[in-house]
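Trainee: Following the hints, complete the assembly by docking chain A onto the known chain P.
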Amino acid sequence: MRLINHIKQHRARLDLTQEDLALRVGVRRQTILAVEKGKYVPSALLAFQLARALGMEVTGLFELDTEGECDD
Amino acid sequence: MIDALPKRLPSVDWIAFGAGLGALVASFVFPPLIMLVGIAVFAPSVLREVGLLKDADEWTRAVMHRAGFHALLVAALFIGLEYISPDFHASVPANGFKPEDVFGGETLRKGVIWTFLISYLIQYWGARTGVFRILLGAAVLNVAPILGFLRTGGELKGLFILVAFGAAAVFVGLAFLARRLPRAGGGVLVALCVAAFAFAVRNMGDPTFAWAQVSLIFQAFLVLGVSGIALLRDSSS
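Protein chains in written order, with this note's numbering: chain P, 1 to 72; chain A, 1001 to 1237.
Accuracy of the hints is not assured; some may be wrong.
[Said to hold, decoys possible] Using 25 angstroms as the maximum straight-line C-alpha spacing, the simulated DMTMM-like pairs for lysine to aspartate or glutamate come out as follows:
1) P:LYS39 with A:GLU1058
2) P:LYS39 with P:GLU63
3) P:LYS37 with A:ASP1234
4) P:LYS37 with A:GLU1058
5) P:LYS39 with P:GLU19
6) P:LYS8 with A:ASP1234
7) P:LYS37 with P:ASP20
8) P:LYS39 with A:ASP1234
9) P:LYS39 with P:ASP15
10) P:LYS39 with P:GLU57
11) P:LYS8 with A:GLU1058
12) P:LYS8 with P:GLU19
13) P:LYS39 with P:ASP20
14) P:LYS8 with P:GLU57
15) P:LYS39 with A:GLU1049
16) P:LYS8 with P:ASP20
17) P:LYS37 with P:GLU19
18) P:LYS39 with P:ASP65
19) A:LYS1110 with A:GLU1049
20) P:LYS37 with P:GLU57
21) P:LYS8 with P:GLU63
By construction, these hints were calculated from the structure, which means they are not laboratory data. Computed from a predicted structure; not experimentally measured.
This is chain A alone, in the form it adopts within the complex:
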């Protein structure tokens, strides 16, 4: 005999995801809220691992473990690059940003969080849906800084808004390309990742090229690279 349906499971992941996204957007107005993003990303996984969240979903645990492994690989990559690149550090002006933060510090912290979150979501939702939603999220995040900018104002406000919406439009276009043509979308995302990496390395000696820009490029295009590889793997399987 088939059992009656039990109540729907409470989704701690969705609550954490909403809190994390909200904190991320709100951090553009009040920067300290960025700390909540890391807590929201890792909290459900930590609760499951220590046994406080007993939702008996072994797929979620498997996805969490694999995402953790991917984050570890990225951390190892950044740490290795930092260790072997003292000349690289010496070739770029700091512009107020610590040189070691390109591969360590800031980029390492955010790279681990981004990789874990993206890997988790892509596995959980599936490559096509996951990448589609992640790229739409990236579009929203490109527009979100306008909130903080409008508050403070500035003479370049119009240009800033134009660039933000232009970048958001690119992400929306990539999202729909990834959904309609996953193989082509994956190829474009990986190509963008490689191109950005090459651009960053090529401009290391440029005195106008700040560490903050390099760090941002590594973070942003880590998102595209991971998403692109997931799409290519999914469409070839």
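In isolation and in its complexed conformation, chain P is listed as follows:
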């Protein structure tokens, strides 16, 4: 199970660069890059900050990818 996000799509919708979004939430561009690529799972605080900066709810920005998970 892993956490997937839709930051890139919503960032594009608002015509924001990674640098713009990074400045809005007070992190570096590399942080946005790492989160978008799924290399870094942000803290709950940063997830809420990202959602707010993109005008979204956290649940609309992040979701659990349960593909391949066993149900038994």
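Mentor: Structure of chain A alone, referenced to chain P:
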């Protein structure tokens, strides 16, 4: 409503990186400046850890913690090798260099700094860009000693310059290979690391093989090994 853009964050890391690189190059002319490299490498991390640098960047902190763990692993490896290798020490002439400095002392200190810095940069920039820039930096560092050598002169000046530029050219070639073909580049870097390690171990009994050379090989190829593993991991994920 979307907030207005705040001011760009001041990058303490870039200032420290520039200062560290400058000190490293300048140390070839004035050796005591090498002390500033360690300070520049660890200063931003220490400031963040004690709470004096509040840039609220949790990724940077996570990268710093992981790089610190990698440096700890390398330190443990060198300390362990030093502890279990008394016969190894006895088999090599010192040539003015302390035998224990191969795995402890000099190599341990530089190994920890190199590992921390390389791990930090590779995580921060990403494997391909990170390794590319690190190898270009290694090329510059190969040429930098010429500054000190030109100052003092010597009858082997021409040969020294040729070797320095030849080694720099190899690093530049490896940098572009790592960027264009990361899997192949990673494989070549790891192979070079293993080959250098085997070469160093095989020549331990050679009376012309000095401790300083062994120590240098461990440091230089630690850089290649860490970079190669990062590239292979990145290209397989």
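Trainee: Each hint needs a verdict: does it hold in this structure or not?
Mentor: Taking the hints in turn, this is what the structure says about them:
1. P:LYS39 with A:GLU1058: Distance of about 13 angstroms is within 25 angstroms: holds.
2. P:LYS39 with P:GLU63: Distance of about 15 angstroms is within 25 angstroms: holds.
3. P:LYS37 with A:ASP1234: 12 angstroms, holds
4. P:LYS37 with A:GLU1058: Given that 25 angstroms is the threshold and the Cα spacing comes to 16 angstroms, the pair holds.
5. P:LYS39 with P:GLU19: 18 angstroms, holds
6. P:LYS8 with A:ASP1234: 21 angstroms, holds
7. P:LYS37 with P:ASP20: Holds, at roughly 17 angstroms.
8. P:LYS39 with A:ASP1234: Holds, because 10 angstroms separates the two Cα atoms, which is no more than 25 angstroms.
9. P:LYS39 with P:ASP15: Holds - the C-alpha atoms of P:ASP15 and P:LYS39 are around 23 angstroms apart, at most 25 angstroms.
10. P:LYS39 with P:GLU57: 22 angstroms, holds
11. P:LYS8 with A:GLU1058: Given that 25 angstroms is the threshold and the Cα spacing comes to 19 angstroms, the pair holds.
12. P:LYS8 with P:GLU19: 12 angstroms, holds
13. P:LYS39 with P:ASP20: 20 angstroms, holds
14. P:LYS8 with P:GLU57: 15 angstroms, holds
15. P:LYS39 with A:GLU1049: 23 angstroms, holds
16. P:LYS8 with P:ASP20: Satisfied, since the Cα-Cα distance of roughly 12 angstroms is no more than 25 angstroms.
17. P:LYS37 with P:GLU19: Satisfied, since the Cα-Cα distance of roughly 15 angstroms is no more than 25 angstroms.
18. P:LYS39 with P:ASP65: 14 angstroms, holds
19. A:LYS1110 with A:GLU1049: 22 angstroms, holds
20. P:LYS37 with P:GLU57: Status holds; Cα separation ~20 angstroms.
21. P:LYS8 with P:GLU63: 14 angstroms, holds
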